[in-house]
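Participant: The whole structure should be built from the sequences, with the hints applied where relevant.
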Amino acid sequence: MIRTAMKRTFPSSFSSFVAAASIPPITTASSSITTVAAAARPQKTIPPAGRRRSPTMTSPTAIQTRGIHDLYTWGTSKNGIIPVPPAYDNSAKTTLDFPRRVDVEDVFGFAEDGNLLKTPRLDKFICGPGASAAIFDDGRCYTWGANDYGQLGHDHKKPVLTPTPLPSSLAITSASLGLTSSAFVTTDKTLYTCGHNGSALQGGTGWLATGSNTPLATPTLVTSLVEDECLVAEAAMGECHLTVVTTEGEVLTAGAGSYGRLGNLESTDQLYLEPVEMLAGEVVVSVASGANFSLALTEEG
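Here the sequence shown is numbered in my numbering, starting from 14 and rising by one per residue.
Keep in mind the hints are simulated off the structure, nothing from the lab. Take the hints with a grain of salt, since some may be wrong.
To be verified - Capping the alpha-carbon separation at 27 Å, the derived lysine-lysine pairs in DSSO-like fashion look like this:
(1) K171 - K106
(2) K170 - K106
(3) K202 - K131
(4) K137 - K171
Facilitator: This is the structure we're talking about:
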């Protein structure tokens, strides 16, 4: 397998985002941002010490009465990344500044089945810089939000304003949303990536780990890991790099090499996932990536 290296400089980083709530909005002439009317906001109350957790939030009866999922969200939304009206199915920037419960059964279409007891349970909710993802315990994965580079995996580059499922052939256990690209780990421990793959002239290249700088608009299998019989436990997508930990605790990186992102004492780009050799001997159980850096947690904590 030929590994290709390129040099380049890295652009400025991007700020992260958010999540939301649902109350009738007002829009002022001086601002294009929709906000919740102050009079409509719930009164802020602080429960006595030792009573911060309401029994109605943890009681099995209460949860069953309200549905089988409890998901709350708040913040500033654009391109529908917060799945609560008025942000839901709305490309405009909308700010909602207190937690609001998401109607999971309705937002993801499960209410139409008529039997909520058979609804898959929401396992993970992922917030990216400009997009969101939800993973259910049966492997279904939904993505939505900004999609300028096809990073949401739906074979187009238009904004996705409502939760939309990935191909049913993929059973997803975890996902990582970068600024312009995404990574998905399946139940059989394989890795799929999609989105922008960089440029040698603009910030680096290769973080989809496919051996080229070709962008991808659908989740695509990283075949080199299959060929090397590497099973993936977790993946973390940065702005211009990808970090992976295998089921054996080995850490691999790919993408733009500047700013020390790849952890190998070099600034050249990597088009394939390569070991972080200075972590040899460590058993890593989890990884995370920021725009220009990564973290690795060992089994010893």
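Participant: Against which earlier hints does the structure fall short, listed by number upward?
Facilitator: none
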